[in-house]
Amino acid sequence: METEVLIIGAGVTGAGLARDLALRGVHCVIVEAKDINAGASGANNGLLHSGARYVSNDPVSANECRDESRLLKTLAPACIEDTGGLFVAVAGDDEAYIADFPQLCAQHGIPVKKLQRQEALELEPALAGTLIAAYLVEDAAINPFRLSLENITQAEAHGARLMTHTEVVSFERKGSCIQAAHLRQKSGREIIIEAQQVVNATGPWAGTVTSLAGLLVPIIYSKGTLLVTQTRVTSSVINRLRPPSDGDIVSPGGTVSLVGTTSVGLDAPSPCRPTVAEVDLLVTEAAAMVPALADMRYVRAFAGVRPLLAAEQTADGRALSRGFVVWDHEEEGVSNFITVTGGKLTTFRLMAEKTADLVCSRLGVKSPCRTRTVPLVSSKINQWTEAGLAARLWLKQQNPKEPFLCECEMVPKTAVDRIIDELITKEEPLSLSAIGLRTRVGRGSCQGAFCGFRMIAHLYQRGELESGQGLSLLRQFLERRWHGLRPILWGPQLAQEELQEALHCGLFGLDL
Amino acid sequence: MNDTKFDLIVVGAGMAGMAATAFAVGRGLKTLQIGATPGEMYFASGLLDLLGVHPLKRPNRLDNPWAGIGALIQDSPKHPYARVGLENIRYSWEVFVAILNKAGLRYCSWPEQNAVLATCAGTPKITYKVPASMWPGVIGLKNKSPALIIDFEGMKDFSAVQMVGTLSSHWPGLRAQRLEFPYPLKELDCQNIFMAEALGSPQVRSDLAATIIPLLEDAELVGMPAILGVRKSADIAADLERQIGAPVFEIPTMPPSVPGLRLKEALERELLRKGALLLRGRRALAINSTGRKWVSVVVGAGQSQETLKAKGVVLATGRFLGGGLAASRSGIHETIMNLPVHQPQTRRDWHRPSFLDPRGHPINRAGLEVDDLLRPLGSSGRCYDENLFAAGSLLAHQDWKRTKCGAGLAIATAYGAVRSFIELNS
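Line by line, the protein sequences are chains A and B.
Counting from 1, one number per residue, gives the positions in the first sequence under my numbering.
Counting from 1001, one number per residue, gives the positions in the second sequence under my numbering.
Note that these hints are calculated values from the structure, not bench results.
Here the structure is a predicted model, which means the values were calculated and not measured.
Think of the CB as a built atom: it goes at the ideal place given N, C-alpha and C, for glycine as much as any other residue.
Among these hints, one or two may not hold up.
Some, not all, of what chain A presents toward chain B, calculated at C-beta under 7 angstroms [unchecked claim]: (1) Leu471; (2) Leu494; (3) Cys505; (4) Leu507.
Start from the sequences, fold in the hints, and give me the full structure.
This is the structure in structure tokens:
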């Protein structure tokens, strides 16, 4: 297979880059070892930063976030819920930091409005009574799954090609060039892709990929754990008004809230799993801002790895810049290889633009970046990633003949069928996780106990599975969901787990 | 009811509560059973597991559950089975199966041997006593007889194709066929319950039989989701078999389970007939010792509360799903009296890294510690009350989901509790 640009990694950076290049008329292939947003792009708080969070310690990120969030709100409204955000301090928080905050925001041109205590409590009744300061900012919620999917869909419409579950095994060098990449697919099939330029957009795995070209990229792995509540607790993004630390953001994710994050150093990008201690820390810290979070039902925890780059290492990675780097490996003797890493969800477009600029200058492509002006098309196939959409559509249509395959998230059979058709057309491997990523099946409070089984039944019914394939898919799916369930099992979610175990182990004997 | 004094109050309407009430009225005790929700039995598959796996470590599937119990008692002296003892467990099963039989629910089993049957997931399930309506499936699987598995258009939690595909290595002679259910169903949820109700009609059965007959070909028997009626299911099955001309068997489904509902209805009828009082939709809010002779149970629903008195109480409130135990981030507690709960040291130790780890999760073995008479221990380490007993999954040192002993645990400990009460009060 041949292409102009091989992009490794289908997180939001790779997806954004594919769209950027495609809009400039450059052909690219994205290969992804797992699935879309399998790394940090799918494990974050879905926050479109106004920049206010970084005013005290990371001015570059603050400015980038300010510009990019404004741009994305106009260009990608389907992926964004413009909730607004609050920075709140509670009794005991650092008064000096509170006092400096509006000034620092003003310095960076980030709009901020001081609220009276009563105003803030009226706006967000779930806030703690111990509130001592509140500022209104332009934060918003962004759906990272829809964002990546829409970028890829539009890139594909312009000729790009995505191959998931396709891992780079080695690079074939010719002089200072990478001539071809050797890849292995999940099915075991091996393929070779010849590309003029190779971009490594693998986030925390950047160092792993560069090492295949004999290059060293020092990545610092910072694990961030988040929690998903069963119901949404605030209408806007709530940030703790203090220097960035653990459990200081509660962000809306459609019908749920996300509580994050922690920052713990890791030696390697995987495995990366949330722990009981991290969950407890998050609940305790976040409950200081939003007391209801202490007794909330959580349906899941998840953890992602932030890829951080820095000259000097610090203990927890908080102090490191969240800025990004476009690393030209020409100086190290590989002339057609670029690594882009670091950065944030909010700045993904800018990262893609800068990377594409370098790629295009190398290719001699003159067309300028268009992602600053061309809106991100929203396509129907990607809409099912939106929490609560299925329920709203159902209420509107009230079609009693339309069965749900996932009752928690009210995902109808027709939606699942469209996604399955799409996966088959694109020759992507069928798995419950692949369907769940694109439809929210398995993301509700049953966490797959019922819908997991039901999806397998449906796949057999459609003729997509034979013999014992379904059992191994089901086991895989249950084990994957388990990583996120295990640390949040108390209260009603533990009762739910007990039912799941009674069914899957007691009755079906999947443990034997 | 305020002034009535009972011999025994059974708190809980799952399998253990049902069994305890049945044993108590069988021994002539004036018994009241309290059930919090209408749905406890919807989760019961209808199968009566005794012991399917021991030890878990390897894990070893047991051909002979009784020999397995012998080994289990040796290996785990704190297991509730060890408290009840092999002879009592045997006796409790005889009595309980006889009660079910009398209530119209016939069960089949191999002598001294576990049975294996196919679940709707297509997995082989190890169990002991099997409803007569499911038994032909056990024989069919054993003989690998050619069979037709049917399901119905619109069913979400049952797929004959899935079952047949998954079972292909265990039971190659299966065919799957999806049919239109011969009666219009208004609801999309709980379809199996509505189908079971509909099959009470002879017309619906004839229509179903007529659809199946041309599909039989070489099939020697016909399997279908467990929907053969809630009441009179034996008659319904017999009628269908006669019309089709081949044995028909039911396959256990996801909840809500028709065989579970069948158990509930049949047992409740039988309990009422024997003079038990069944209180439904009430929760036991408190249980208090009132001196040596009486235990009082405060029950309530919404605003209204009343206090009932009995000589003894059997606590059969289940675990987290049943509501007998509850867990917060900091620990597990018993919900009515805050009895001490045996549990892993910290929440980190509750669950293993792999969900399907065959050893089971340490939290599964959390629960109430009891003495040899199945009386929960108080914080002193001695029994909390002379006449307070516990039965079923609430008990510590067992993992019924993994060792496949749910019904056995319920029946044996229910019997043990009632027996202890009678011994102490005679």
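We went through each hint and held it up to the structure:
The criterion of a C-beta within 7 angstroms of any C-beta in chain B is met by A:Leu471, whose closest approach is roughly 6 angstroms, and the hint holds. Here the hint on A:Leu494 is kept, as its CB sits about 5 angstroms from the closest CB of chain B, short of 7 angstroms. Hint status for A:Cys505 relative to chain B: holds, with the closest Cβ pair at about 5 angstroms, below 7 angstroms. The interface hint given for A:Leu507 holds, since its Cβ lies 5 angstroms from the closest Cβ of chain B, which is under the 7 angstroms cut-off.
Hint compliance for this structure: no hint is broken.
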